[in-house]
Amino acid sequence: MAVPHAKLDLTEARLSGMARPQGAAWANEARLLAEARVRSAGLPTRRDEYWKFTDPASLTQVDAPRAATFDALDEAPLFDGIDRLKVVFVDGVFDADASDDLTMEGVEIERLSAALSKDIHWARDIYGVLETRGQDPVKRPLAAMNTAFATDGLAIRATGKVTRPISLIYLHGSESSDAILHHVVKVEEGAELTVLENGPAAARFNKCMEIAVADGGAFHHVRAQGRDHERRAITHMFSQIGAGATYKSFTLTANGTLTRNENIMEIIGDNAVAHVAGAAMGDAKHNAFHHDDTVFITHDALACESRQVFKKVLRNGARGVFQGKILVKAGAQKTDGYQISQALLLDDDASFQAKPELEIYADDVICSHGSTTGAIDDEALFYLRSRGVPEGPATDLLVLAFLAEAIDEIEDERLRADILGRLESWLVRRRNG
Amino acid sequence: MLEIKNLHVKLEDEDKQILKGVDLTVGAGQVHAIMGPNGSGKSTLSYVLAGRGGYEVTAGSATLEGADILAMEAEERAAAGLFLAFQYPVEIPGVGNMTFLRTALNGQRKARGEDEISAGDFLKLIRAKAKTLQIDAEMLKRPVNVGFSGGEKKRNEILQMAMLEPKMCILDETDSGLDVDAMKLVSEGVNALRDEGRAFLVITHYQRLLDHIKPDVVHIMADGRIVKTGGPELALEVENNGYADILAEVV
Ligand SMILES: Nc1ncnc2c1ncn2[C@@H]1O[C@H](COP(=O)(O)OP(=O)(O)OP(=O)(O)O)[C@@H](O)[C@H]1O
Ligand SMILES: [Mg+2]
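Heads up: the protein sequence lines correspond to chains A and Z, in order. Every letter in the first sequence is one number past the one before it in this note's numbering, and letter 21, counting from 1, is 21. Every letter in the second sequence is one number past the one before it in this note's numbering, and letter 222, counting from 1, is 222.
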């Protein structure tokens, strides 16, 4: 199908000022092919079915819309108390001085540019490869654009049980920064790795992570987005999950003019587990808030389990979107797929749109999905108040209770406590401010 | 302690009058019982006193130790010492019983300008109180009332009352759904709290509870009013003959 003119113009305009970074021949080719993918699909517009609920205009326009930087001076940085290896990016550029030494037992960490300059490198099998697989059946041109033009990122290969999490810290310094980051992650057989991400990153942020988890490996991902208000972010996580492997990703989101997080998982080995969860809180009183979780899980192996748990708390015109699909291929018997997306609307102005989908070609599977939109339970609120809990804290308790199922998806107790503590303090701040 | 005068209440959204002039005074240290047919307005009275939404007070007043409670938010009434044990305790998935009670207790303390209770002291206190009500520790960890049996929910109400130490305790059919042993436990829990500074208003259909919690005064409520007031013998009369005679006598 020919790309419509308007889309073509938009795509050409966006790509015109961009240059593909050069490296090894294989990397150059991967980037060249990625650029071709962007051109053949064209960048997304509101008219695309996949972008029906989220307007991508600010993600595709030539210059990043300005975004004020945000300093959370009144709170300790997230994950502060966690023993971790810190890697800092400022406006999408690796900051060696602010980062820890990148050597750690059981893992190799390299800057993307270094990995992509080597003639022989494991990243060759992953960079742009998982992203390409994720282009079918739905096109994800912003991810292909990322592969073609990403200027920085990490290549991480876990070979053993890595005890300290790798903590990617994104700092936002310039009001007009337009960052394109790409990470490639390989978790070798039986290896274990936890990656943390937090921070405002840039005025506009396009981030892609490709993760291959080999048989028996485990990948854990905990991310916090916020509290920067004017952020525009599109993120993609493409993963391929081997036999008996575990992939778990959790995201906490607060604030942000526009955030779309896509998580595309392909389960290729038997008895694997893939969980993806998100808790988002949006209040559009002072700044627009639009949050979109788009998930696609492909089951292509026996007896695998997948869970999608997404919860959003919205008020004052904040908007939430969930698009989630479970695709069970023929032969993926004994699949156990679960998907829940729920919104708690704290007033009549907030809105939530959900598009849950199941596509199943195997007959012996359990798949369930549900989506609800509701308000605070008045009976529960009165019960709490009748015991002396004032309305504000009582509402917070009910909000936390609502989000609990998503938060509980964080396996590591310390990380869960950290995220929960942050959430609690954000609720208190919102109430007082 | 509690003084209700000529209280008229209608539903907020409907033109339906439910309380049609309730007069009731409960003195400190006293136990009053309210009995009355289904739908006579007993729960409505307790809800209105506790501050639930959806009702409109069209006339009359209610004061707790002289303070106008009808002008207060529900949480302010709680901090002022009012407690309602619900006829139907509410399930709150996701909120742990412990968190709930500690937040409630500290909320009240804060409202009264008192110090918060420490986590350690709270734990000691709740363990001791739960033990006397034979509520096991496992139940305390569960979400508020979720998966509790009818009787467990009622015992949990009494546990909350014991923790919060209110001055004016309203018990709405706390005996319904309780087996004989649980009824004894709950009554003992209530009796343990009886003292000069505290008063009880016990709503019940059965004499049985009043064998354990001996009331000073018994009221009969019908069609939104207190139609008869007497001593403990009034409850026996209801138990033996039902309401027909009493209501006939009033009309
Ligand atoms: N929210 C409401 N909407 C409609 N009717 C109501 C509402 N609340 C109370 N009523 C009506 O008001 C009347 C009194 O109800 P209430 O629950 O106070 O009775 P009660 O004396 O506690 O009865 P029971 O002994 O069955 O518990 C009933 O006719 C009831 O149907
Ligand atoms: Mg009742």
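Hints should not be assumed to be uniformly reliable.
Unchecked claim - In silico negatives: residues of chain A with every beta carbon more than 10 Å from chain Z:
#1 Ser16
#2 Asp119
#3 Val389
#4 Pro393
#5 Leu397
Claimed, not checked - Derived Cβ-Cβ restraints for the label pairs, each shown as a range:
#6 A:Arg416 / Z:His8: 49 to 59 Å
#7 A:Asp408 / Z:Asp23: 31 to 41 Å
#8 A:Asn432 / Z:Glu56: 30 to 40 Å
#9 A:Ser351 / Z:His8: 53 to 63 Å
Please keep in mind that the hints were generated in silico from the structure rather than gathered at the bench. Glycine included, each C-beta is placed from N, C-alpha and C at the ideal position.
Verification of the hints:
1. Listed as outside the interface, Ser16 of chain A is consistent with that label: its C-beta sits roughly 51 Å from the nearest C-beta of chain Z, beyond the 10 Å cut-off.
2. Chain Z leaves Asp119 of chain A outside its interface by the beta-carbon criterion, the shortest separation being 54 Å against a cut-off of 10 Å.
3. For Val389 of chain A, the condition that its CB be more than 10 Å from all CB atoms of chain Z is violated, with the nearest at approximately 5 Å.
4. Here Pro393 of chain A does not stay apart from chain Z, with its beta-carbon only about 6 Å from theirs, under the 10 Å limit.
5. Remark: the non-interface label on Leu397 of chain A conflicts with the geometry, its nearest Cβ contact in chain Z lying 5 Å away (cut-off 10 Å).
6. The supplied range of 49 to 59 Å is met by Arg416 of chain A and His8 of chain Z, whose beta-carbon atoms lie about 52 Å from each other.
7. In this structure the supplied range 31 to 41 Å is violated for Asp408 of chain A paired with Asp23 of chain Z, their Cβ-Cβ distance being about 51 Å.
8. A C-beta distance of roughly 32 Å is found between Asn432 of chain A and Glu56 of chain Z, which places it inside the suggested range of 30 to 40 Å.
9. Remark: the range hint 53 to 63 Å for Ser351 of chain A to His8 of chain Z is contradicted by a beta-carbon distance near 41 Å.
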